[in-house]
Structure formats: structure tokens, C-alpha cells
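Undergrad: Protein chains in written order, with this note's numbering: chain W, 1 to 658; chain S, 659 to 913.
Just to be clear, a hint being listed does not mean it is correct.
With a Cα cut of at most 27 Å, we get these calculated BS3-like pairs of lysine-lysine [what the hints assert, rightly or not]:
| id | chain 1 | residue 1 | chain 2 | residue 2 |
| --- | --- | --- | --- | --- |
| 1 | S | K799 | W | K574 |
| 2 | W | K268 | S | K775 |
| 3 | W | K574 | S | K897 |
| 4 | W | K266 | S | K785 |
| 5 | S | K876 | W | K566 |
| 6 | S | K798 | W | K262 |
| 7 | S | K718 | W | K566 |
| 8 | S | K821 | S | K785 |
No wet-lab data here; the hints were simulated from the structure.
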Amino acid sequence: MSKLFYPKLAVNNIKKNSKTYIPYILTCIGAVMMFYNMCFLAEVNDIGYLSDSTSLRQILFFGAVVIGIFSFIFLFYTNSFLVKKRKKEFGLFNILGMEKKHIAKIMFFETLFTSLVSIVIGILTGILLSKLMVLLLFRLISFKIVFGFEIPIKAVLYAIFLFAGIFTINLVNNIRQVHLSKPIELLKGSNVGEKEPKTKWLMATIGALCLGYGYYIALTTESPLAALSLFFIAVILVITGTYCLFAAGSIAVLKILRRNKKYYYKAKHFISISGMIYRMKQNAAGLANICILSTAVIVMLSTTVSLYVGMEDVLRTRYPRNIIVSVYNVSDEDAEKLDAIIKEQTEKANTVQKNVARYRSIYFNTIQNGASFTLNRSGSYSSQDIAAVIFMTADDYNEMENKSISLSKDEALLYTLKGNIPGDTLDFDGFKLTVKERLDSINIEAKVSSVLFNSYCIIVDDMDTIRQIYASISGTDGNMGERSYYYGFDVTGDRHVQINLVRVLNEELNKLNLDGYTEGSEISRESFYTLYGGLFFLGLFLGLLFIMATVLIIYYKQIAEGFDDKQRYEIMQKVGMSLREVKKAIHSQILTVFFLPLVAAVIHIAFAFKVITKMLAIFNLTNIPLFAVCTAITIIVFAVFYTAVYMLTARTYYKIVS
Amino acid sequence: MALLEVNNLKKIYTTRFGGNPVQALSNVTFSIEQGEYVAIMGESGSGKTTLLNIIAAFDKPTGGDVLLNGRSIVTMSEREISAFRRDNLGFVFQDFNLLDTFSIEDNIFLPLVLAGKSYDEMNNRLKPIARKLEIDDILKKYPYEVSGGQKQRTAIARALITKPQIILADEPTGALDSRASAELLKLFDEINNEGQTILMVTHSIRAASHAKRVFFIKDGELFHQIYKASMTSEEMYQKISDTLTMIATGGVRNE
Ligand SMILES: Nc1ncnc2c1ncn2[C@@H]1O[C@H](COP(=O)(O)OP(=O)(O)OP(=O)(O)O)[C@@H](O)[C@H]1O
Ligand SMILES: [Mg+2]
Chain W
1 MSKLFYPKLA VNNIKKNSKT YIPYILTCIG AVMMFYNMCF LAEVNDIGYL
51 SDSTSLRQIL FFGAVVIGIF SFIFLFYTNS FLVKKRKKEF GLFNILGMEK
101 KHIAKIMFFE TLFTSLVSIV IGILTGILLS KLMVLLLFRL ISFKIVFGFE
151 IPIKAVLYAI FLFAGIFTIN LVNNIRQVHL SKPIELLKGS NVGEKEPKTK
201 WLMATIGALC LGYGYYIALT TESPLAALSL FFIAVILVIT GTYCLFAAGS
251 IAVLKILRRN KKYYYKAKHF ISISGMIYRM KQNAAGLANI CILSTAVIVM
301 LSTTVSLYVG MEDVLRTRYP RNIIVSVYNV SDEDAEKLDA IIKEQTEKAN
351 TVQKNVARYR SIYFNTIQNG ASFTLNRSGS YSSQDIAAVI FMTADDYNEM
401 ENKSISLSKD EALLYTLKGN IPGDTLDFDG FKLTVKERLD SINIEAKVSS
451 VLFNSYCIIV DDMDTIRQIY ASISGTDGNM GERSYYYGFD VTGDRHVQIN
501 LVRVLNEELN KLNLDGYTEG SEISRESFYT LYGGLFFLGL FLGLLFIMAT
551 VLIIYYKQIA EGFDDKQRYE IMQKVGMSLR EVKKAIHSQI LTVFFLPLVA
601 AVIHIAFAFK VITKMLAIFN LTNIPLFAVC TAITIIVFAV FYTAVYMLTA
651 RTYYKIVS
Chain S
659 MALLEVNNLK KIYTTRFGGN PVQALSNVTF SIEQGEYVAI MGESGSGKTT
709 LLNIIAAFDK PTGGDVLLNG RSIVTMSERE ISAFRRDNLG FVFQDFNLLD
759 TFSIEDNIFL PLVLAGKSYD EMNNRLKPIA RKLEIDDILK KYPYEVSGGQ
809 KQRTAIARAL ITKPQIILAD EPTGALDSRA SAELLKLFDE INNEGQTILM
859 VTHSIRAASH AKRVFFIKDG ELFHQIYKAS MTSEEMYQKI SDTLTMIATG
909 GVRNE
């Protein structure tokens with residue numbers, strides 16, 4: 001035998017199986033390319049010029065890790081599918097007198113060729129596209145400067161090592177599979193497992209419970225901070241539930257339908273139900289994968305898109321005024337100085353203050369239980385009963401609102417930013433206040449905190465009362481320091497004016513040696529764009545990757561089913577089914593199987609909607625209609641795309657069948 | 659009027675890749691009466707399957723006509739043919755052609771379901787057939803769980819359940835061992851005795867000796883035929899075997 005015998009045979013094998021191998025190699029190339037590009041962006045020098053480069057690099061690095069892990073899982077899955085299809089071929093080699101170690105040799109060369117092609121072409125196209133990626137990323141984060149061309153050697157090495165590793169593991173797995181099986185099993189290969197699946201009630205029940213509990217969490221979580229930690233658990237539950245239900249639940253349902261003789265023995269149901277029962281076992285995992293990937297794509301795209309599109313909203317939520325000065329523990333004297341400074345500096349900057357919101361208050365972090373409040377001593381922010389209580393004096397209130405109310409010592413005005421207090425008596429660990437009036441509005445900013453947890457503003461007669469309340473809930477002598485001072489206003493004038501003003505005011509605060517800071521939407525805009533643009537980029541990128549995976553799974557499903565069904569439909573025609581009936585049967589069957597994952601994905605999204613809006617609140621996006629629109633558009637675009645992929649691959653299917 | 663009439667049937671296969679056209683059938687004419695049991699024999703490649711496929715309307719002839727009950731199946735449209743096939747013809751194939759997605763019972767029901775029959779009617783029809791073919795206790799099983807002989811009996815049940823005018827069988831014993839073959843032939847004898855018309859292509863002399871009439875095809879032509887008449891199967895066996903030897907040695911046509 002010539003030295004080239006095995007390499008040649010390997011090349012021939014790949015050619016012969018091109019219908020399945022070309023998409024596989026293309027996917028590998030795509031995965032290498034995307035991974036390289038993510039690593040490239042995480043490493044590239046250009047990003048260092050951004051003011052907020054660390055967080056962006058972290059996002060990108062996270063993206064690279066996700067792509068790496070996903071590539072591993074996905075290529076492993078695809079590879080085992082391919083080997084299963086080819087077991088027969090290997091069995092034939094074996095029976096024709098080829099030893100298993102020779103088969104292993106062939107597989108080695110096959111893997112060598114596919115991996116070389118994938119890695120080399122993947123990295124090359126990655127390098128070609130990398131400039132485009134930087135440009136796209138910079139565009140998304142509104143960063144204009146562009147630098148030269150760069151090939152970070154680290155990124156190249158990461159890509160080579162990761163994918164060489166993946167291919168090696170796949171090869172070892174293939175050799176192991178062939179090595180373990182007897183020739184006769186190899187010959188049967190893809191026919192193994194054609195038995196009708198059993199109904200797995202336990203699995204179906206577990207699936208339903210997981211899914212139900214996951215949905216329950218998603219629907220009942222009110223606090224955004226709790227949502228952040230519970231979301232992950234809900235995701236795991238829903239994924240488990242999806243797999244179990246696709247694997248067991250679908251078969252259970254189909255079998256129930258089959259038991260209904262009147263329904264089952266109708267030409268259109270007869271063929272599709274039996275076909276689906278038969279099919280579900282092989283395809284449950286694939287369908288569940290499609291469903292989960294679709295859900296992930298839709299969630300990622302809709303959230304990152306709405307954060308990006310809703311940037312102005314986000315900025316306004318985070319910074320209710322263009323310029324905000326907040327200082328803690330300010331004496332009356334300092335407060336007056338501060339007023340003067342702000343007045344002076346705005347005049348200097350040649351602008352006018354508008355929408356001024358100015359108030360002094362003191363803030364307690366408490367645990368709420370009905371109308372009773374105790375100090376939150378753990379400092380934890382995850383409990384659902386956390387309430388921020390903001391106290392103000394009647395004098396401050398009158399000044400702020402231009403009113404002249406007066407309160408007695410045990411009376412209070414209550415304004416609820418978020419939450420609910422039953423009854424008219426507030427209890428602060430023994431100190432009681434009677435609610436004289438519940439206010440409908442108040443000119444204080446809905447502070448960021450109010451999005452996250454319950455917040456109330458309480459107006460009492462004077463500082464002394466506030467001190468007594470503090471003494472009561474903290475169990476100390478009531479030495480709580482001075483009130484804080486919030487001074488927010490919009491200004492006329494462009495970005496530069498605003499940014500400058502923030503800078504100057506911060507310097508002044510430092511001079512006065514006050515514990516506080518000035519912030520503004522304009523000065524933060526860049527870092528918001530960097531962060532949310534980076535997330536948006538990541539969403540697009542991972543979305544694309546997942547879509548690619550979905551397409552491949554769909555394609556393989558169609559091919560596998562096509563070959564499976566070919567003979568079946570021939571037989572049906574012989575027994576007296578017309579070509580038209582055959583086509584109709586095929587159609588209704590694949591249609592159901594195909595759109596099941598999409599429908600399931602949309603249901604997942606519907607249940608997840610509320611909890612996602614809670615999480616977006618942490619990112620300062622409170623514009624729920626915007627998110628709803630983004631989600632709807634994402635779903636529609638995705639559905640159109642999905643249908644297009646379906647139609648294209650369905651054509652391959654029809655070609656194989658007829 | 660004969661049940662099945664085959665008139666001057668011709669079939670020429672023109673291969674797509676520029677090969678020579680193959681004349682699979684040239685001018686075949688015969689007719690089969692209601693209740694007959696006919697076997698077709700011939701060497702490999704002589705055109706037996708081609709003939710059966712045309713009668714079954716799986717394929718169109720190049721020339722000639724096939725009439726079932728006086729109706730030409732050659733000129734039927736694709737849509738008519740499916741229903742016609744379902745209602746009038748029953749098939750038994752060498753490789754059974756059962757669907758692995760269906761249980762044995764559902765495989766048998768398939769043509770009736772396609773014809774839109776109710777479950778009760780299907781069930782009523784199935785019972786006596788299943789009893790006779792001794793498959794009543796495997797009805798709930800799946801094709802991969804039963805033996806070759808049982809599969810073939812399932813295929814026969816599927817052919818019989820539509821009460822076809824004629825049963826067409828292509829090498830029905832081809833994939834069976836001798837015991838299962840003998841059982842199947844006995845079964846064919848029985849259903850033929852009950853009046854069922856059967857047309858069977860076979861290589862097996864044993865199988866052909868059960869038929870009431872045997873056609874011999876050579877090079878696409880009807881070469882010879884013999885009647886069983888009052889012969890026993892043993893005598894018939896001898897006669898067929900003699901005829902085959904004669905054909906193989908290039909003997910002349912008698913009769
Ligand atoms: N689809 C086709 N295209 C071209 N030629 C064909 C085709 N089908 C059959 N033939 C040719 O027609 C001739 C008759 O074939 P047919 O299958 O009818 O033979 P047969 O008698 O059934 O043989 P066997 O006993 O081996 O099954 C053969 O020469 C065969 O090569
Ligand atoms: Mg044949």
C-alpha cells in the first residue's frame with residue numbers, strides 16, 4: 001500500500017459525504033472566524049484608546065469565552081451526528097478486511113484535513129474581517145478614531161489552540177465509538193434506535209414541573225435585584241423543562257392522540273402522527289436545541305437592541321437632570337455656599353438653569369413589614385422587603401414646593417415612589433407617625449434606587465423628629481449626621497458646556513472638602529455608549545453564532561429525515577397514495593415539527609418578558625413599551641428568517657425524497 | 659370479458675446517460691380470468707418485474723395497453739391511478755415494504771385509511787383476515803419485532819384487506835426460508851380457492867408449481883405457457899423444470 005493510501009481515502013470520503021461535510025466545515029470555519037474576531041477585539045490595541053476600555057474588554061472577553069464554550073459543545077454534537085451517519089461506511093470497511101486501527105488512521109487524516117482547512121481559512125477570513133469588526137464596534141459605541149491594521153498574535157494562538165483541542169477531542173471520541181462497536185453494529189449504524197419510543201411519564205412530569213416552576217419564578221419576581229439572581233435559576237429550570245418536554249412530553253401527547261381511534265385513523269393524522277412519534281425520539285434533542293437557541297437569540301437581541309436604542313431614555317433615567325450635585329452630610333452653612341457656587345459657575349459658563357430640583361433629605365435603608373420599618377443592618381440588597389425611606393423636614397418641603405404646611409410632632413406626609421404602605425400609622429421600631437396626607441406628587445427625583453426597591457418619601461415637622469426616629473430604629477442616641485443635599489438642574493448649552501460645568505463643580509466640591517460629587521448625563525454618555533454599544537455588539541455577534549448553529553441543526557435534520565423518509569414515501573405510493581397526498585403529508589408533518597420549537601420559544605419569551613424588564617431596570621431601562629416593541633420586532637424578524645431557512649432546507653428535503 | 663387483458667405491451671428503457679436503449683418487453687399479450695392463479699417465470703433480466711410494474715401502473719409502457727375489467731390503466735391520470743390502485747390492486751413484494759413507523763395493524767390499515775374508511779369498518783375487515791393469516795397476536799407489534807414470514811403475511815393482509823380484484827406479487831418467497839415459503843404458498847392456494855385472482859412473478863419452481871397457469875418470459879417476450887389443469891403439484895413441478903431446461907438449451911416453442 002502506498003504511503004498516500006490513507007490520506008487519499010480520507011479525501012475521497014470527505015468528498016463522498018460532501019452533503020453533510022461541507023456544512024460542517026463551513027460551520028467550523030464560521031466558529032473559528034467568530035472566535036478569532038472576539039479574541040481579536042478583546043486584545044486589539046485600538047480599544048485601549050477608549051476611556052472605558054476595561055469594561056468593554058471584559059464584555060468582549062466574556063463573549064470570546066461564550067463562543068469558545070458554545071463551539072465546543074456544538075461541534076461535538078454535530079460531529080457525533082456525522083459519525084453516527086457514517087457508521088455503516090466504517091462497518092463496510094471493517095467487513096471488507098480493514099482493521100480498526102486502519103479505520104482510525106483514515107479518521108485521523110479526515111480530521112486533520114477538516115481541521116486544517118477550518119482553522120486556516122477561519123483565521124484568514126477572521127483577519128480579513130477584523131478591521132470591519134473594529135469599525136462596526138466603534139460605530140456602535142460612537143467612537144470615531146480609527147487606527148491601522150493589526151493581527152494580535154495572542155488571538156491567533158487562542159483560536160488555534162482552542163480548535164485544535166476541539167478537533168482532537170472529536171477525533172478521540174470518533175475512534176472510541178468505532179473501536180467499541182462490533183462490525184455488525186457498525187453496519188446497522190444509523191438504523192439503531194428505530195424502535196418506537198416508550199412514553200416516559202416520569203421525565204414528562206419532571207419537565208412540566210421544571211418548566212412550570214421556571215415560569216412561576218419569572219412571573220412572580222418583583223424586585224429587580226432578586227430578578228438578577230433568580231433569572232439564572234429560572235433559565236436552568238426552563239432549559240431542563242424544555243429538554244424533558246420535547247423528549248418525553250411530545251411523545252406522551254402524540255400517543256394520547258394516537259389512542260383516539262377516530263382522530264388517528266384519518267388519512268392526514270394517520271401518517272403525520274405516526275411519523276412524528278417515530279421521529280421525536282431521534283429529534284427531540286435537536287428540536288429542544290433549536291428552541292433554546294431561538295429563545296437565546298431573541299432574548300439577547302431584543303434586550304441589547306432596546307438598551308442601545310433606548311440609550312437616551314436610559315441616560316434620562318439614570319440622570320434625571322443634566323447636572324446633578326449630591327452631597328452627604330451637609331451643614332446649612334455649606335449648603336448655602338454650595339448654592340452660591342453653583343449659581344456662579346452656571347453664570348460663568350454662560351448658561352441658564354432649568355427644571356431645578358433641590359432638596360435636603362436624609363435616607364435610611366430599612367426593611368419594611370407592612371407599615372413597620374426596621375433598620376436594614378445586613379446591608380444586603382437582595383431581599384424583597386428592602387425599602388428606602390427618605391425623610392424631609394416640613395421647612396425644606398415648603399421651600400421646595402412653595403407651600404406652607406405645618407405638621408405636629410407625630411404627623412407626617414407620605415409620598416410613595418414605589419411600593420405600598422397599608423394603614424395610616426407608620427411604625428419605626430416603636431416610634432409612631434400618623435399619615436396626615438398621602439401626596440400625589442412631589443418634586444424630588446425618582447432616584448435610581450426607586451426602580452430597584454420600594455421607596456418612600458416622608459415629610460415630618462423638623463430635624464429633631466428625624467433624629468428621634470433614627471434613635472428609635474438604630475438603637476443609638478440619634479447622632480446620624482446632617483442631611484444630604486440634592487441639587488439637580490437642566491442647562492442650556494451643548495455637550496462641552498455641560499461636561500465642563502460638571503468638572504468645575506467637582507473641583508469646587510473638593511475645595512470645600514465636602515463628601516459629594518457632581519455627575520451629568522453628557523459626561524457619562526461616552527461610557528454608556530461604550531458599555532451598551534459593547535453589549536449590543538456582543539448580542540449581535542452571539543445572535544449570529546446561535547443563528548448559524550440553528551441553521552445547521554435544521555439543515556442536518558432535513559437531510560437525515562429526507563433519507564429516512566424517501567423509502568417510506570415510496571412504499572406509501574405503492575400502497576395507493578398519490579404524489580399530492582404524499583406531499584401534503586410531508587408538509588403537515590415537517591411543518592408541525594419545525595415550528596414547534598419556534599412556538600415554544602415565543603412562549604418562553606412571553607413568560608420571561610416581565611422578569612427581563614425587571615433586569616433591564618438595573619441597566620436603567622424602564623421604558624417597557626420600547627422593550628416590548630424591540631422584542632416584537634426581533635421575534636418577527638427571527639420568524640421570517642427561520643421560515644426562509646426552513647423553506648430553503650425543505651427544498652433539499654423534497655429533492656432527496658422524490 | 660377477461661379480468662385482466664394485456665395487449666401488445668412494449669417497454670423500452672432509454673437510459674439518460676447515452677447508453678443503448680433496452681427493450682425490456684416486446685409485444686406481450688395475454689389475459690387472465692377472474693379467479694385464476696398465474697405465475698410468471700423467466701431468467702433474470704427477462705422483463706418480469708417490468709411487466710408487473712406496468713400492470714401495477716407504477717410505470718408507463720412504451721406501447722400497448724393494459725385493461726382491468728375493460729378499463730385501460732395506461733391512459734389514466736396520475737390522480738386517478740392512486741385511487742384505482744388502492745381500490746383494485748393488492749401488492750406483495752419480495753422485501754415486504756412495510757413501514758417501520760407503523761405497528762403491524764396500522765400497516766395493514768394503511769390503504770383503508772387512505773381510502774377514508776372508518777375505524778370500525780377497518781377493524782371488522784381485519785379480524786377474519788388476521789385470523790386466517792395467523793397474525794392476530796402480533797398486531798400490536800412493530801415490523802422490526804417480527805420474523806420475515808410474519809412480515810410477508812402482514813403484507814398479504816394489507817393486500818387482501820382492500821378486497822382487490824387482483825393480487826400482484828413479485829417474488830413473494832424471495833426473502834423467506836423454505837418453511838416460511840411453503841406456508842406462504844399454502845396461503846396463496848387457500849385465498850385463490852376462495853376466488854381471489856393472483857398474478858405472481860417468481861424464480862422458484864416450487865412456487866410456480868402451485869399456480870394454475872405458468873407463463874415463461876424470455877427476452878421480453880411471452881415464450882411459452884403451461885396449464886396445471888388436473889396435474890398434481892409434483893407433476894407440475896416436473897413439467898416446469900423440463901420447460902425451463904428446454905428454454906435454457908434453446909429448445910423450440912411448442913403449442
Ligand atoms: N429503470 C430501468 N432503466 C433501464 N433499464 C432497465 C430499468 N429497469 C429494468 N431495466 C432493464 O430491463 C430489463 C428487464 O428488467 P426486469 O427488472 O424486468 O427483469 P426481471 O425479469 O425482473 O429480472 P430479475 O429476475 O433479475 O428480477 C433488464 O435488461 C434490465 O436491465
Ligand atoms: Mg425482478
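Undergrad: None of the hints should be skipped; say for each whether it holds.
TA: Outcome of the hint check:
1. K799/S - K574/W: Between K799/S and K574/W the Cα gap is close to 22 Å, so the pair holds against 27 Å.
2. K268/W - K775/S: Between K268/W and K775/S the Cα gap is close to 13 Å, so the pair holds against 27 Å.
3. K574/W - K897/S: Violated, because 34 Å separates the two Cα atoms, which is more than 27 Å.
4. K266/W - K785/S: Judged against 27 Å, a Cα distance of about 20 Å means the pair holds.
5. K876/S - K566/W: violated (33 Å)
6. K798/S - K262/W: Judged against 27 Å, a Cα distance of about 18 Å means the pair holds.
7. K718/S - K566/W: Given that 27 Å is the threshold and the Cα spacing comes to 22 Å, the pair holds.
8. K821/S - K785/S: Holds. K821/S to K785/S sits at ~14 Å (cutoff 27 Å).
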